[in-house]
Amino acid sequence: MSEGEWLLQEAERLANESQTYEDVAFYTELAHFIEVQDRRIDQAQGELDGMLWNHEGW
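In terms of full-length UniProt numbering, the sequence shown is numbered consecutively and its last residue is 58.
Everything labelled a hint here was simulated from the structure, so no lab data went into it.
Heads up, a few of these hints could be off.
[Said to hold, decoys possible] The following label-pair restraints were derived from C-beta to C-beta distances:
hint, residue 1, residue 2, range
1, Val24, Ser2, 22 to 28 Å
2, Glu3, Glu29, 36 to 42 Å
3, Phe26, Glu3, 18 to 24 Å
4, His55, Ser18, 49 to 55 Å
Bear in mind that the values here come from a model prediction, so they are computed numbers and not experimental data.
Positions of the beta carbon are idealized from the N, C-alpha and C atoms, including for glycine.
Take these sequences, add in the hints, and give me the full structure.
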């Protein structure tokens, strides 16, 4: 399990266990933020990998 997956699980768990609207909203948005950041990290890693394998750009 990656850090992003663990963080997402924890944010979702906390949202489900929260009692106030504000806490639920915060943890729900935090889970969304984690998903977006995880996607951006994957895209950046893919872009870097593609640049490194492009021998014409060396």
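Quick rundown of the hints versus the structure:
Distance hint for Val24 and Ser2: a CB-CB separation of about 25 Å, consistent with the stated range 22 to 28 Å. A hinted range of 36 to 42 Å is violated for the C-beta pair Glu3 and Glu29, which are about 19 Å apart. Roughly 20 Å separates the CB atoms of Phe26 and Glu3, a value that falls within the hinted 18 to 24 Å. The hinted range of 49 to 55 Å is satisfied by His55 and Ser18, whose Cβ atoms lie roughly 52 Å apart.
Violated hints amount to a single one, hint 2; each of the other numbered hints is respected by the structure.
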